[in-house]
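Enquirer: Here's the letter readout for the chains.
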Amino acid sequence: MARALANQPWRKANNQRRFEIFIASLIPLPLVAYISISQQLNPILSFAALFLPMQLIAASIVGYHAYGRRGVGDAVLVVVTFFFSAFVLILLLSVLSSVIIQGSRAISWQFISQNNVYVSPTTSLDYGGVGHAVVGTLIVVAITTIAAVPLGLAMAVYLTQSQSKTRNLVRTFTQALSGLPSVVSGLFILSIIESTHMGRSGFTGALALFPLMLPTVARVAEEALKLVPVDLRYAALALGAPNYRAFFQVILPAAKSGLLTALLLGLARVVGETAPLILTMNPSSSTSLNPFSGGMSTLPTFIYNYLASSYETSQARAWGAALVLLILVGFLFGLARFLGKNKSIKSKASK
Amino acid sequence: MSEPVQRRKLVAGPLSKGDKWFFRTTSVAAHFAFVLVALVLAFLLMQAWPVLQSQGFGFITGNTWAPDQKPIVLQLGPMLWGSLLIAFVGILIATPMAISMAYLIVYMLPKRLAKVFTTLVDLLAALPSVVIGLWGLLVFTPIAATWAEVLNTYLGWIPIFHVNHAENGFMRSPFIAGWIVAVMIVPIITSVTREIFSQLDGDLINGALALGGSRLSTFRKVILPTSSGGVVGGVLLGLGRAVGETVAIFYVLNLTMDINWAQLLEPHGGAVASWILARFGEATGTEKQGLMAAGLVLFVITLIINYLANFIVNRAQPWRKN
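Protein sequence lines, in the order shown, are assigned to chains V and E. Numbers 1 to 351, taken from the working numbering, label the letters of the first sequence in order. Numbers 352 to 673, taken from the working numbering, label the letters of the second sequence in order.
Same shape as in the complex, but just chain V (with noise of 0.2 Å):
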C-alpha cells in the first residue's frame, strides 16, 4: 500500500503516513537522552553525533517507505533545515530571554527615572537608574533625525523623482556609505573634532550617528516612493501640477506610511549604536540637557560602561540598561512593522 503512494506523489498524507512521520520525528529524542544519559555522555557530543544522525535516519526511512529513493532526499533536507533555523531562533530566544529575565531584576520606576550621580559600583540597586541615559539617547537621536530624514527623503526623492544621470552612481555612494563601519564614523568625527578643536559634546556623538542613520533612511524610502504607482504622478502632472506641487500634494501622502517607517527604522539603527559615541562623547552620571558642552550618558554607552566592571550589581545595571534599550527598539521596530504594511519595504529592514 505505502509503495503503491510512491507512484503517486500528488496525492495528499494520508493518516497513516502522518503518524509515521510523527513517530520517526519522536522516537529519537528520548532514546539519545536515555543513552547519553546512562553512558554519561557529554550533552554536546551526544546531539551532535548521535541525535541528528538518528534523526536524519529515521527521517530517511520513513521518506522511504512513503515515496520511494526520491522521499529519502525530502527527508535529508527537512531535517537538516529545521535543525539550522531552529537553532537561528534558540540563539534569537537566548539573547531576549536572557535580556528580559536578568534586566527585569534590576529595572524598576526608580531605575528608569533617577539619574547615577552618587551610584559607585557596589552601590545597590536600589539607588540609581538611567533615566540620564534615556534622556541622553532621546537628545542625541533626535538631533541626529531633525539632520538626516530631510536629508535622507530628498536624497530618496532625487533617485525617484528626476531622470538625472547621477542616480545610479547617488545610489552607489549610498550603499557605500550603508555599509560603514560605526566605529569609522565615529573615528571621523572624532579626526574633525581633533583638527577643528571642537569640544566632545551631545552634538558631536550625534553628528557621529548622522553617517549611519542618513543611507538607511534614504534606502527605505526610496523603496516607500517606488512603491507610489507612477501613473498617479503623470496624472497630477497632467493636471497641470508642477513636480513639486505633485510630489507634496499626491506622493507625499500616498506614502505616508511607508515614509515613517523609514523614518523608524533610520531610529531603530541608530539608537543603539555604541561604537561612534564612546569615541565622540564623553560619559557622564547625571542628568544632562545640553547637546552642546559637556558629557551626557546614553544606553548604549552606560551599557559599556557599567559591563567593563565586573561588579554584580553593575552587570545587573547594565542587564536592566539593556533591557530599556531592548524595549525602545522594540517599540520602534514594532511601529515601524504596524506602519509598513507592503513586502518591499519590510525586507530592507535587515539591510
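The set of hints was computed from the structure by calculation and includes no laboratory data. Glycine residues also receive a C-beta, built at the ideal position from the N, C-alpha and C atoms. Warning: the hint list may mix true and false statements.
Unchecked claim - Covered by chain V, per the in silico footprint, the following chain E stretches (three or more residues, Cβ under 8 Å):
id, segment
1, 381-393
2, 460-473
3, 563-576
4, 606-613
5, 618-632
Claimed, not checked - Ranges of calculated distance between the beta carbons of each label pair, as one might list FRET restraints:
id, chain 1, residue 1, chain 2, residue 2, range
6, E, Leu464, V, Ile44, 27 to 37 Å
7, E, Leu392, V, Arg69, 49 to 59 Å
8, V, Pro229, E, Lys466, 20 to 30 Å
9, V, Ser195, E, Gly553, 50 to 60 Å
For chain V, the structure is supplied; the task is to place chain E on it using the hints.
Expert: Relative to the frame of chain V, chain E by itself:
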C-alpha cells in the same frame, strides 16, 4: 495657400521656477552622499597621513604596536588578519543557518507562519550590537567554551582545533567571536536570500519536482544554481558587516598583537575595529593618529567588500531596477 507650419520646439524638463528649485535642492541633497564619503576619507587621511608615511607598508603587515617606543612602531597585521579570520568563521557558521532559514520561510512554512519568522529574523537584525556583546560575554561565552572543549577533545588533531595550552581555558577565542559575528550577520544573509528565493520562477521548481526530483535534488540543482549570485552577494554584505563589528567582539575576544593564524580555539586573536575601541582610551598624539589610520584601512576594506556585494546583489535582482 496654406501658411507655413510653425515648428515648435518641444521643451522637456522642469518649466516652473518652483520645479527648478525642487530638483536643485534634491540634487544637492543626493550628491551629499559623495561629499560625505569624500569627507570621511579626507579627514581620516589627513589625520592618518603622518603615521602611514612613517610606518610605510609595515603598518599593514607588521605585528608590533609600541606607542611608547622611540621611534614609535605602529603595526596592525595581527588585527587585520584577525578581523578577516573572525569574519570568515562567522560566515562559515551563518551561511548554512541563513540559507536554511530562507528556505524554510519561502518554501516550507504556511504564509502566516512565514510572516512571523520573517519578523523574528528582522528583529534579530535590530538588536543593538552592545546587547549582543552583553549576552555574548555573560551568557554565551561559557556555553560556547564547552563546545570548544568538546571540539578540542575529539577533533584536536585537526590543526585549526588544536590549542597549545588547554589549561588556559577556551574563552575569548576567535571561535566564540566568530559565533557572535554569525548571530549578527545571519539576518542580513537571510533577508537577501529570502528575497531571491521568493522571486525564483515557481514553474522551474514545480517542473523539477514533477520530473521526479526530491526536495534535496531540486534545492541543489535548481534553486541553488539559479540563486547563487544573490546568495553570494548576501554573504559578502554579511562579510562587510562582520569586518566592521566593534563592540560585541571587543567583549568576547582577547585582543593581542601576538598573531593567531588559524588556531580558532586559542584564547587570543584580533579585530581592527575592536582594537580601535580598546586602545582609544589611552591613546594620545601619534597613537591616536595610528588608530585613525587603522580606521582608514578598515573603511577602505569595507568599501571594497560592499561595492562587490552590492554589485552582485543588484545584478542578481534585475526586478529591482526601475
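Enquirer: Go through the numbered hints given earlier and state which of them the structure violates, listing their numbers in rising order.
Expert: 4
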